[in-house]
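**Student:** The chain contents come next:
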Amino acid sequence: MQFFFEVLIGGLLSGVLYSLVALGFVLIYKASGVFNFAQGAMVFFAALTFVGFQEVLPGWLGLEPGSAVVFWLAFVLALASMVVLGLLTERVVLRPLVNQPHITLFMATIGLTFLVEGIAQGIWGANVRGLDLGIVDEPIEWLMDRSGILVSKFDLFAAAAAGVLVTSLALFFQYTRIGRALRAVADDHQAALSIGIPLQHIWGIVWGVAGFVALVAGMIWGARNGVQFALTFTALKALPVLILGGFTSVPGAIVGGLIIGASEKLAEVYIGPMVGGGIESWFPYMLALAFLLVRPEGLFGERHIDRV
Amino acid sequence: MSAVMTAEAPVAEGRRIGEVILDLQGISLSFGGVKALTNISFNVREHEIRSIIGPNGAGKSSMLNVINGVYHPQEGQIHFHGSRRQKMDPHQAAAQGIARTFQNIALFKGMSVLDNIMTGRSLKMKCGLLRHALYWGPAQREEIAHRRKVEEIIDFLEIQSIRKTPVGRLPYGLQKRVELGRALAAEPSMLLLDEPMAGMNVEEKQDMCRFILDVNDQFGTTIVLIEHDMGVVMDISDRVVVLDYGKKIGDGTPDEVKNNPDVIAAYLGASH
Amino acid sequence: MLYREAGQFKTSYSADQQIFPILQDRYGYWVILAIFGVLVPMLASAYWLKAILIPVLIFSLAAIGLNILTGYAGQLSLGSAAFMAVGAFGAYNFRLRIDGLPFLVALILGGLAAAAVGVLFGLPSLRIKGFYLAVATLAAQFFIVWVLVKFPWFSNNASSGVITAQDVVILGYHFDGPQAKYVLTLAVVAALALAAKNLVRTATGRSWMAVRDMDVAAEVIGIRPMRAKLLAFAVSSFYCGVAGALYAYTYLGTVEPEGFNLDLSFRILFMIIIGGVGSIMGSFLGSAFIVLLPILLDNVVPAIFGNALGAGFASNLQLIVFGGLIIFFLIVEPHGLARLWQIGKEKLRLWPFPH
Amino acid sequence: MAEPLKAVEPELDTFPRLLLQHARVRPQRPAMREKEYGIWQTLTWADVAAEVRAIACGLATLGFKRGDRLAIIGDNRPRLYCTVAACQCLGGIPVMLYQDAVAEEMAYVLQDAEVKFAVVEDQEQVDKMLEVKDQSATLEHVIYDDPRGLRHYTQAFLLGLAELQEMGRIHDRNQADFLDGEIAKGSSDDISVMLYTSGTTGKPKGVCQTHRAFIAAARGGIQFDRLTEAEDILSYLPMAWVGDHLFSFAQAMVAGFTINCPESGETVMTDLREIGPTYYFAPPRVFENLLTQVMIRMEDASRIKRAIFHKYLDVARRCGADILDGKPVGLGDRIQYWLGNLLVFGPLKNVLGLSRIRVAYTAGAAIGPDLFRFYRSLGVNLKQLYGQTETCAYVCLQPDGQIKLDSVGVPAPAVDVKLAENGEILVRGPMLLKAYYRRPDATAESINAEGYFMTGDAGFFDEDGHLKIIDRAKDVGKLVDGSMFAPNYIENKLKFFQYIKEAVCFGNGREGVTAFINIDLEAVGNWAERRGMAYAGYTDLASQSAVYELMRECVGQVNEDLATDPKMRGSQVQRFLVLHKELDADDGELTRTRKVRRNFIAEKYAVLIEALYAGRASQRIETQVKYEDGRTGVVAADLRIEDARTVGLDPLKQAA
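Chains as they are written, first to last, in my numbering: chain P, 1 to 308; chain C, 1001 to 1272; chain D, 2001 to 2355; chain L, 3001 to 3656.
Bound conformation, chain P alone (with noise of 0.2 angstroms):
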């Protein structure tokens, strides 16, 4: 039993990351449409960038290595970078293409995938890195000697950043006009036009906060294993989420999240060996396919009706 809780609660953590990339979909998909494939490429690309000023930036600046200022300040730095890259996404890919099939955006998007990684690769090379945030992936002594449940500090700290950030978020869409505003533009468009806001900025600024979600999301999981071209594969996790949850429902990221992360690890513990292990790889995806076939607009996806 305790073992299965172990298990359990690893998984949830891991899906809390799976959470944050799903999360960044949702957003973007919430306020223009765009089923983003390459927010597992931002991702990576926002790691990257972290971790690359981080090793420059001492150099340029002559700043002692690993210091709060150049953490921060490489911080700040990957958030222009994801700003920017955001925005010019928005400005180069999506507008041009704006009125097309959502499939042709999705492709797009594909296409954006691999530019993003190539870009992130060709300036910051393509080696292995480590993410240092200074906290020890150590087991928390007070809940080990309690119940004998191994539970890592890192994956608690993982699980409160995602916690901050969707509050965060969540205040963000409910109380400041620009959040109302998007909230209208999921809705419809032509409403969120008479806000006064209009479509390009709140594109731009949804760009915007994807690339901040997805940097955060990128930091916690490089720290966790390494910054790497694997990282892209790991976020693709992030679509079984997006069908468990709906791909318009912030909740439904989280949760779909969180049953991705636990069921996936389950699964491999218990089904796993039967069948010669690594299910992890296409567990999600068929969980979620299976899910697709009972309730296809997700958990907290609107069901939709087609009229003729």
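Don't read these hints as lab results, they were simulated from the structure.
Since we're looking at a predicted model, the values are computed, not measured.
It cannot be assumed that every hint is accurate.
Stated by the list, open to error - Sample of chain D residues lacking proximity to chain P, with all beta carbon distances greater than 10 angstroms (derived): (1) Trp2048; (2) Ile2128; (3) Asp2167; (4) Gly2177; (5) Gln2318; (6) Ile2326; (7) Lys2347.
What the hints assert, rightly or not - Dumping the calculated DSS-like pairs for lysine-lysine here, alpha-carbon to alpha-carbon at most 30 angstroms: (8) L:Lys3434 to L:Lys3006; (9) C:Lys1109 to D:Lys2345; (10) C:Lys1164 to D:Lys2197; (11) C:Lys1124 to C:Lys1109; (12) D:Lys2197 to C:Lys1126; (13) C:Lys1109 to D:Lys2010.
Where a beta carbon is used, it is the ideal one built from N, C-alpha and C, also for glycine.
Knowing the structure of chain P, use the given hints to seat chains C, D and L on it.
**Tutor:** Relative to the frame of chain P, chains C, D and L by itself:
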């Protein structure tokens, strides 16, 4: 009440309006609590032109969607050719000889006029995948036989000069005509037309009117028509049913409907 | 300019419905076929045949498969490589386990195996569309590769699933040289491309396009969308499967499941985007483009920049160029090279008029 | 004198016999094609013979007798052509009607020709027949080809052509030798067809032509241009027009070539391109529209393409016509022309559907020399012919290699052409009409005692024996010195300039020729804009001195041209003015078909004519005009009068 009316329905020379072939009883339809149609009953006789009119949002298109199986009403019964119709899909309705056009043109944008109309003959084509892949032989013979039929429709609708044009490039009025052609290609016994003349100029409307009358006359096709142009409706319909807010408020010959106080109220109310 | 169409009138529907109704196109087609069928195998070097022409043909076939599904039936798939894998391992196992099974029969059986698997993974398409379906096909991609790796039965107990294709023998003739393999590949691909063209110009193809363009209208005129979609999945997977089998038998000889990864699926998708969605010829153009571009980059980049940029740069540049091209084509010419070809042809037909 | 016609085989002296011959000799060759249901449905000669047989027997079943008149009304359709032949088989007379005529016009012809049967195309024509049925006492049966929309027409005299043919087939089975007997009864002197002259003056007259006449005309043309059974012709001009009857019926029947009927009026250009006829006929306006379209479409082409296009058009202008005529051309030009053919002319002709043409004719109106030269320079063997309904559209033809832009060629084989005292063209030959139907007076008026038909056209032969048409004979007058004055001839020459829209010349009984000119507002407007000139409307533009200069140049060129011809040199335009308003049909100055009403204009603007001859430099004029909305207004202007550049002529005397 409707029996009295049909007795007086105009009978065109040579065209005999026959028995009731479609009977709708107490049809109600709602979408997640929103009532689109409430307890609607009416019937359609063989060979007649039956119009459905009413203000916007009266439920006219929903009515057509019920008839050809796109929507499944929660309540009510549909009898088609005497037998009770179970819940069925549009393609089953098509197999029973019901074809239709749509309010917003629903052509296959990536295909030519010819191919669009050819799809209308899908139900009549029997060759399978392998024969299609081999082409030469049965598949080619079938294609040619149906092409010949489709060409007759193209000739009938006078769209020879655009037969190989992709439909996306055509002006609106011609697209409507092509859509009618696609419906006709199925050689339907009943044709549902959803605002076939919307957005057309006078000349195009005249043409479309002529085609509808010719179809009804030459092929004996029963026609259920939704149309906003009252002049056209009153001119070509045998009987008219009037809907408002999903309820039936009038049913009868054009003259009767014109003098029905409820209908007048609905239309005056709608126009203000 | 080259066309002389006056006087080419059609007195029968069979003449009017030819694949190439214009005489000059027919000539062009036979000339191209003669060049690639006769001249190329006589003149091309082994490198060109083995490393370029054979893979171009094989990927063309896979691209035709994906194009049937995506371009004609409108169902996006990210799992083409997995279906190729099924074809490759299917053909291998059929030959392994059935004594004396003729190669071509094994090829078809491999394709049919892929078709069966394709239908299975196409089932969700009955309820879902667009991105949802794309994600569903990812499941196929990962699951199939995993199965082939994890169950050694499929690779005759070879380590990590690597298989070595048996000799290709048809009617006693051994296809072992690059020439022979090229000619065989060309023959299979040409025949299947013709069949695909036939499918898309008859009722089957029209039902796919109808479902793609307006599924409600398609259903209303009596097409069953479910049937049309599953058929598209089956045919598409069949083509990918045969391509996969050729990939093993006439191209690489030795393949492993991991070779049929997501990246390959993406590459096939890129072929149809760049070549032309909804065009058989576009599949060939796209395949040639995607196969040749990296070779071109490998040769051109060092020539311009020298070796200073390092080996990693070339692969990154390839990513950037592919990604950029995809976006460029989707924005500027969503119907790809095939459309450009067609525009050029229209220009020639109307020359000297612009339109 | 024209070359003789080769002898006719005696058994092939009527159209029905020709048809039977083709069905025997070339049964599987295509005789007629029609674009219908998306493809060119083909009837072989055997098919045509069978169709004709069924129609003829059907007609006989309905009681059609020798000599009965049968009206044919509709677009060019194979079955209507077959009906013509079927009617001829029975010794009847097909009466061809223009399908776009209104019911009353048809009523007149139906009465005049005492038509008993009418075979019409479709519902539209049936409706017209129903409208005039009561006025046409002799009309007994109306037979229609296309049954669409006619299901509820219950009139007993209506019958579908298909049903008629079915009746005919039964009749044929029962009396297999009936039709052959009827055909055997036919004689080459029987009337083969009645064509109505358009009748610009008075009521239309029915021109009766015999088999002999039309076969002679057809054979002459075939011999002249060496036509074979392999020709393809597009039949799109009205069947009631003599040209179509000659080209699409008579010549096809004689030579055994294929006629091709377009799908519909809208698709003629596409169908032309598909068929790519080898033998083609079109009135000048068709060629003109085609050229205009070419130029407009080329406007949108890229700069490079336009440059190539114009460069090679220049090459063609320089040597194209000579190459076509087989004249010696330098090697450099030949190479350039060959390149041009590869890059421009070949594709251009092909896109237009003209690339297979061996012989093309134009007639019916004067064709501008630039227009004519354009097509010839591209290598299209476009030629002019001259003829009337009364001569089976066959008098003069331009021989290959001897094309003169302003002549209509030499007398056709077996045709005897001479000029009357007043310059009127007289023709005699086997192709002359037998008579005007029931109009002995008119027949006597137009055929003189020696058997010459008086064409009413004035013309003269040049030194090579080519006939030049100058005017209607009645319009031709004389100057005071007795030399010929042909206003139309001069006006046409002026109007060939794109800047001149209308011109009216005066001079009959005067010392010299003067002219009113209407500028073409669009062309001159463009010209002015290119030169940066400002103008406010027609009147202002017409009065500008630069425009006068332009007109002077045009008139001067016409004069130079006229001066080369000894018969015309006296007719050079000495003085001219540019009118302050456009001549308008609403003001009675033009007919509805846009021909100038010379006498009306002379009366209305008498003061201007007086000023022209009085030698004044300007004249004030006020004119009432009708605006499009029906209001009237007054346009007033001081019109300048200019002397034109002339060659070797004394200026007009300044005396009044």
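**Student:** Please go over all the hints and tell whether each is borne out by the structure.
**Tutor:** Here is what the structure says about each hint:
No Cβ of chain P approaches the Cβ of Trp2048 of chain D within 10 angstroms, the least distance being about 27 angstroms, so the stated non-interface status holds. Not every Cβ of chain P is farther than 10 angstroms from the Cβ of Ile2128 of chain D; the closest lies at roughly 5 angstroms, contradicting the non-interface assignment. Every C-beta of chain P lies more than 10 angstroms from that of Asp2167 of chain D, the closest at about 31 angstroms, which supports listing it as non-interface. Every C-beta of chain P lies more than 10 angstroms from that of Gly2177 of chain D, the closest at about 36 angstroms, which supports listing it as non-interface.
Some Cβ of chain P comes within 10 angstroms of the Cβ of Gln2318 of chain D; the nearest lies about 7 angstroms off, and the non-interface call is violated. The claim that Ile2326 of chain D lies off the interface is violated: its Cβ sits roughly 3 angstroms from the closest Cβ of chain P, which falls inside the 10 angstroms cut-off. Its beta-carbon lying about 25 angstroms from the closest one in chain P, Lys2347 of chain D satisfies the requirement of being farther than 10 angstroms from that chain. Of the supplied pair hints, the one linking Lys3434 of chain L and Lys3006 of chain L holds, its CA atoms being roughly 22 angstroms apart against a limit of 30 angstroms.
For the suggested pair Lys1109 of chain C and Lys2345 of chain D, the alpha carbons sit about 22 angstroms apart, so the restraint of at most 30 angstroms is met. For the given pair, Lys1164 of chain C sits about 18 angstroms from Lys2197 of chain D by alpha-carbon distance, which is consistent with the 30 angstroms threshold. Taking the CA atoms of Lys1124 of chain C and Lys1109 of chain C, the gap is near 22 angstroms; set against the 30 angstroms cutoff, the hint holds. Of the supplied pair hints, the one linking Lys2197 of chain D and Lys1126 of chain C holds, its CA atoms being roughly 19 angstroms apart against a limit of 30 angstroms.
Taken as a hint, the Lys1109 of chain C and Lys2010 of chain D pair is honoured in the structure, with Cα atoms around 26 angstroms apart against an allowance of 30 angstroms.
In this structure, the hints that do not hold are numbers 2, 5 and 6, in rising order.
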